[in-house]
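Visitor: Protein chains in written order, with numbering that gives the first Met the number 0: chain A, 0 to 254; chain B, 0 to 231.
Read the hints as simulated data drawn from the structure, not as lab findings.
From the three backbone atoms N, C-alpha and C, an ideal C-beta is built for every residue, glycine too.
Fair warning: there could be bad hints in the mix.
Quick list of the computed label-pair ranges, beta carbon to beta carbon [said to hold, decoys possible]:
#1 A:162 <-> B:191: 20 to 30 Å
#2 B:52 <-> A:82: 56 to 66 Å
#3 B:154 <-> A:17: 52 to 62 Å
Selected chain B positions facing chain A (Cβ under 8 Å, derived; list incomplete) [what the hints assert, rightly or not]:
#4 93
#5 105
#6 136
One letter stands for each residue in the lines below.
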Amino acid sequence: MEHYNMNLTLKVWRQKNAQDKGGFETYQVKDISSEMSFLEMFDVLNEQLINEGKEPITFDHDCREGICGACSMHINGRPHGPWGQTTTCQLHMREYKNGDTIVVEPWRAKAFPVIKDLMVDRTAFDRIIQSGGYISVDTGNAQDANNLPINKDKADESFAAAACIGCGACVAACKNASAMLFLSAKVSHLALLPQGEVERKTRVVNMVDQMDKEGFGSCTNTEACEAECPKGISVLNIRRLNAEYIGAIMSGDDK
Amino acid sequence: MNWKHAFTSSIGKKLVMGITGISLIAFLCVHVYVNALIFVPDGYHKYEVAAHFLGSNPLTRIAEIGLLLGIILHIVQGLMLWSQNRSKRPVKYAVYDGKANSTWYSRSMGLLGTLILIFLVLHLAHFWAPNRWQQLTTGHERNLYAEMEAIFQNGIVVIVYILGCISLAWHLMHGFWSAFQTLGLSTAKYRPIINGIGIAFSILVPLLFIAMPVAFYFGWLPPAASFTEVAH
Numbered sequence: 000m001e002h003y004n005m006n007l008t009l010k011v012w013r014q015k016n017a018q019d020k021g022g023f024e025t026y027q028v029k030d031i032s033s034e035m036s037f038l039e040m041f042d043v044l045n046e047q048l049i050n051e052g053k054e055p056i057t058f059d060h061d062c063r064e065g066i067c068g069a070c071s072m073h074i075n076g077r078p079h080g081p082w083g084q085t086t087t088c089q090l091h092m093r094e095y096k097n098g099d100t101i102v103v104e105p106w107r108a109k110a111f112p113v114i115k116d117l118m119v120d121r122t123a124f125d126r127i128i129q130s131g132g133y134i135s136v137d138t139g140n141a142q143d144a145n146n147l148p149i150n151k152d153k154a155d156e157s158f159a160a161a162a163c164i165g166c167g168a169c170v171a172a173c174k175n176a177s178a179m180l181f182l183s184a185k186v187s188h189l190a191l192l193p194q195g196e197v198e199r200k201t202r203v204v205n206m207v208d209q210m211d212k213e214g215f216g217s218c219t220n221t222e223a224c225e226a227e228c229p230k231g232i233s234v235l236n237i238r239r240l241n242a243e244y245i246g247a248i249m250s251g252d253d254k
Numbered sequence: 000m001n002w003k004h005a006f007t008s009s010i011g012k013k014l015v016m017g018i019t020g021i022s023l024i025a026f027l028c029v030h031v032y033v034n035a036l037i038f039v040p041d042g043y044h045k046y047e048v049a050a051h052f053l054g055s056n057p058l059t060r061i062a063e064i065g066l067l068l069g070i071i072l073h074i075v076q077g078l079m080l081w082s083q084n085r086s087k088r089p090v091k092y093a094v095y096d097g098k099a100n101s102t103w104y105s106r107s108m109g110l111l112g113t114l115i116l117i118f119l120v121l122h123l124a125h126f127w128a129p130n131r132w133q134q135l136t137t138g139h140e141r142n143l144y145a146e147m148e149a150i151f152q153n154g155i156v157v158i159v160y161i162l163g164c165i166s167l168a169w170h171l172m173h174g175f176w177s178a179f180q181t182l183g184l185s186t187a188k189y190r191p192i193i194n195g196i197g198i199a200f201s202i203l204v205p206l207l208f209i210a211m212p213v214a215f216y217f218g219w220l221p222p223a224a225s226f227t228e229v230a231h
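With the hints as constraints, model all of the structure from the sequences given.
Guide: So this is what it looks like as structure tokens:
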């Protein structure tokens with residue numbers, strides 16, 4: 000692919016802290032390489048701001064290889080920008096051409112309050128995991144491998160659900176700011192395995208309770224979450240979550 | 000079972016929508032079947048018999064109460080969900096590219112439902128309410144074929160009915176599958192079947208309903224006056 004440079008107009012959400020009202024600031028960046036990642040372009044912009052004596056833009060980032068789920072940017076109306084199954088760090092500037100205007104906003108959800116600029120507080124996800132996303136295991140030496148036989152298809156399904164990196168794109172994309180895809184992935188990857196069997200029913204009820212407490216919306220099955228998930232988590236997991244939940248409340252195992 | 004979970008959790012509220020939604024789909028099957036009998040060229044005999052059977056049978060009268068409760072539950076819960084879900088994103092996006100990841104009708108169920116509700120009020124006022132009132136006061140049902148013929152002479156009414164049925168079609172296009180997904184039934188194996196039936200249902204049923212006012216308006220059906228009254 001041919002390499003080229005471009006000049007861009009960026010409209011970026013700036014907000015001093017959680018209490019600040021915030022607003023958009025417009026910036027010009029010049030000579031951006033088409034081979035840069037979106038975050039590298041932001042690094043260039045931040046250096047420019049620092050050189051001008053201005054406050055750099057705060058944004059979450061960590062691994063920069065698509066596995067940590069930190070880079071939460073809503074780019075031109077879509078979480079992580081226009082590419083399918085990628086995070087912001089995997090979005091490259093060859094998507095854009097000279098003269099483009101790009102609008103960058105933080106995730107918008109009641110349960111994800113803005114900390115500063117583009118950084119939001121996603122600890123609601125951690126509290127959902129704490130409420131049931133674990134299993135009980137015996138302490139001591141590790142078991143021999145393959146002591147617990149698991150069907151290959153179940154192991155694969157569980158693994159596909161466990162690919163969730165908790166980035167919050169599902170919440171950001173959902174018109175109801177619902178965390179159902181995230182929660183369904185966390186419930187599914189344990190519910191499909193024998194290790195998850197002990198807490199199976201209390202887990203799903205407690206995690207849904209916690210999700211509701213955190214202020215996420217409910218699911219309207221628009222499937223926007225699946226379309227925007229960088230790991231391609233399927234809404235079939237939401238189907239399983241619903242079935243697990245119905246099973247748990249019908250059997251009376253919810254307290 | 001903790002009833003609080005069954006009805007007030009985010010999944011519980013959706014279960015109410017799904018169960019009432021599927022009940023309403025079942026009702027639509029009966030409604031469209033009986034009404035489509037007007038197209039049978041037998042001097043509206045089959046239609047009259049079926050309508051009279053439903054109108055005078057105590058079991059269907061009891062089921063009607065269930066149907067009304069189901070509709071009310073579906074409407075009230077739907078509007079509550081719509082307003083609660085809106086509050087989950089207090090600061091809106093400046094740019095939100097919904098069409099990139101979802102269909103417009105899946106995002107507009109509240110709007111489509113409201114349009115159907117407006118149509119439904121008119122529709123019940125046209126047929127159901129006067130018929131039940133007369134049945135209650137005189138013990139006789141109205142001649143619904145003649146009623147349809149009279150009401151559907153008005154072009155504006157016909158257009159409103161067509162728009163109501165189009166809203167229903169889009170509402171079903173998402174709602175049919177969505178109900179099965181919420182009830183945990185849309186597995187990888189059954190999803191294509193549910194989707195296929197859902198799409199066929201969402202197109203065929205509203206089309207049949209649309210055909211009724213249109214047929215009366217353009218005079219494609221024999222006038223009620225040409226039939227001898229069936230004795231009840």
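Visitor: State for each hint whether it applies.
Guide: Outcome of the hint check:
no.	hint	in the structure
1	A:162 <-> B:191: 20 to 30 Å	24 Å, holds
2	B:52 <-> A:82: 56 to 66 Å	59 Å, holds
3	B:154 <-> A:17: 52 to 62 Å	57 Å, holds
4	93	6 Å, holds
5	105	4 Å, holds
6	136	44 Å, violated
In this structure, the one hint that does not hold is number 6.
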